[in-house]
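FYI, the numbering for the sequence shown is 1 to 263, going by the numbering used here.
Hint data in this document are derived by calculation from the structure and do not stem from the laboratory. These figures come from a predicted structure and were not determined experimentally. Note that beta-carbon positions come from the ideal geometry of N, C-alpha and C, so glycine has one too. There could be a bad hint or two in this list.
Said to hold, decoys possible - Derived lysine to any residue pairs resembling SDA-like cross-links, with alpha carbons at most 25 Å apart: (1) K104 with K76; (2) K76 with G222; (3) K170 with E90; (4) K190 with P156; (5) K76 with V139; (6) K190 with P204; (7) K104 with E90; (8) K76 with G201; (9) K76 with A46; (10) K104 with P56.
As the list claims (entries may be wrong) - Here are the in silico distance ranges between beta carbons for each label pair: (11) G253 with L138: 30 to 36 Å; (12) G137 with G253: 15 to 21 Å; (13) P101 with Q64: 38 to 44 Å; (14) G256 with E183: 42 to 48 Å; (15) D57 with G256: 18 to 24 Å; (16) V93 with D174: 18 to 24 Å; (17) P262 with I135: 39 to 45 Å; (18) G260 with H106: 24 to 30 Å.
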Amino acid sequence: MDAAPRNTPHISDSVAPDAAADPATGAASSAASAGPQDGLTRARVAAMIDHTLLSPDASREDVQACLAEAHELGVKAVCVSPAMLPVRGEGLVVATVAGFPSGKHHSLVKAMEGRLAVDQGAREVDMVIDVGAAIAGLVDEVMADVLTMRDAVPPPVVIKVILETAAIHKALGDEAGDQRIEELCHAVAKAGADFVKTSTGFHPAGGASVRAVAAMHRAVGGTLGIKASGGIRDADTARAMIAAGATRLGLSGSRGVLDGFPG
Numbered sequence: 001m002d003a004a005p006r007n008t009p010h011i012s013d014s015v016a017p018d019a020a021a022d023p024a025t026g027a028a029s030s031a032a033s034a035g036p037q038d039g040l041t042r043a044r045v046a047a048m049i050d051h052t053l054l055s056p057d058a059s060r061e062d063v064q065a066c067l068a069e070a071h072e073l074g075v076k077a078v079c080v081s082p083a084m085l086p087v088r089g090e091g092l093v094v095a096t097v098a099g100f101p102s103g104k105h106h107s108l109v110k111a112m113e114g115r116l117a118v119d120q121g122a123r124e125v126d127m128v129i130d131v132g133a134a135i136a137g138l139v140d141e142v143m144a145d146v147l148t149m150r151d152a153v154p155p156p157v158v159i160k161v162i163l164e165t166a167a168i169h170k171a172l173g174d175e176a177g178d179q180r181i182e183e184l185c186h187a188v189a190k191a192g193a194d195f196v197k198t199s200t201g202f203h204p205a206g207g208a209s210v211r212a213v214a215a216m217h218r219a220v221g222g223t224l225g226i227k228a229s230g231g232i233r234d235a236d237t238a239r240a241m242i243a244a245g246a247t248r249l250g251l252s253g254s255r256g257v258l259d260g261f262p263g
């Protein structure tokens, strides 16, 4: 694929945060639970969702059911395992993962995984960093990992970089964890990523948190997209993530979340 001008996400095309999270605690303001007053309708939130099926035991029939539900719900994208590509996702953005879920793959393996996925129709690649390197402060290694992927899948393919923020906070604590997350966000932005993403949803430390999304937003809000993923199972949690700065949501239970929004 020939290189093209970078396809930086247009944050204005998504739902803008209705309230910032507190910079010290990561707690969302009251707008996170404001309900219909926050302007978040079912259709607007659906346009932010990556409807996701990454279960290791998912069958091709499950993928077809996922695609059908994604079309019915009107979501933005569907995210499936690379082994399930290609899929017929007319009207949907097709996303997949690389280095998933551990991030311990060699950078060249991740890059080839991304390249193969794009050749099979994926337009977005959610790659997992080596969170151990991130926790150890080896930010240059993380940046090099993303650069290798960017070389393999130039724009307009969208790269989302999964930081495993819960693991970072667990290892470093809240304040130092926030600082490391912000540092990583700046590094992956320099490497050409389009989004930062909280979690795989498979790490034992946990998934998305308002605190992590707020740290990402402080670092790169308005520059990169911010995807909250992992443990978002209801509308209140989704509202809190959006209020903190999320512009994309990774959900396996999209219907249950959308049922909590008007319209």
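Here is how each hint holds up against the structure:
1. At roughly 29 Å between alpha-carbon atoms, K104 and K76 are farther apart than 25 Å, so this suggested pair is violated.
2. A hinted pair counts as satisfied when its Cα atoms are at most 25 Å apart, and K76 with G222 qualifies at roughly 19 Å.
3. Between K170 and E90, the direct Cα distance comes to roughly 40 Å. Violation of the 25 Å bound is thereby established for this hinted pair.
4. Pair hint K190 plus P156 holds up; C-alpha atoms about 16 Å apart against a cutoff of 25 Å.
5. Taking the CA atoms of K76 and V139, the gap is about 31 Å. The hint is violated against a cut of 25 Å.
6. Distance restraint check for K190 and P204: the Cα-Cα separation of roughly 29 Å exceeds the 25 Å cut-off, and the hinted pair is therefore not satisfied.
7. Pair hint K104 plus E90 does not hold up; C-alpha atoms about 33 Å apart against a cutoff of 25 Å.
8. Taking the CA atoms of K76 and G201, the gap is near 19 Å; set against the 25 Å cutoff, the hint holds.
9. In summary, the hint linking K76 to A46 is supported, as the alpha carbons are separated by about 7 Å, within the 25 Å threshold.
10. In summary, the hint linking K104 to P56 is supported, as the alpha carbons are separated by about 17 Å, within the 25 Å threshold.
11. Taken as a hint, the range 30 to 36 Å holds for the pair G253 and L138, whose Cβ atoms sit roughly 35 Å apart.
12. The supplied range of 15 to 21 Å is broken by G137 and G253, whose beta-carbon atoms lie about 35 Å from each other.
13. The supplied range of 38 to 44 Å is broken by P101 and Q64, whose beta-carbon atoms lie about 23 Å from each other.
14. As the Cβ distance of G256 to E183 is approximately 35 Å, the hint placing it in 42 to 48 Å is violated.
15. For D57 and G256, the hinted distance range of 18 to 24 Å is satisfied, since their beta carbons lie about 21 Å from each other.
16. Distance hint check for V93 and D174: the Cβ-Cβ separation is about 34 Å, which falls outside the suggested range of 18 to 24 Å.
17. For the pair P262 and I135, the beta carbons lie near 41 Å from each other, so the given range of 39 to 45 Å is met.
18. One distance hint, 24 to 30 Å for the beta-carbon pair G260 and H106, is violated here, with the actual separation near 41 Å.
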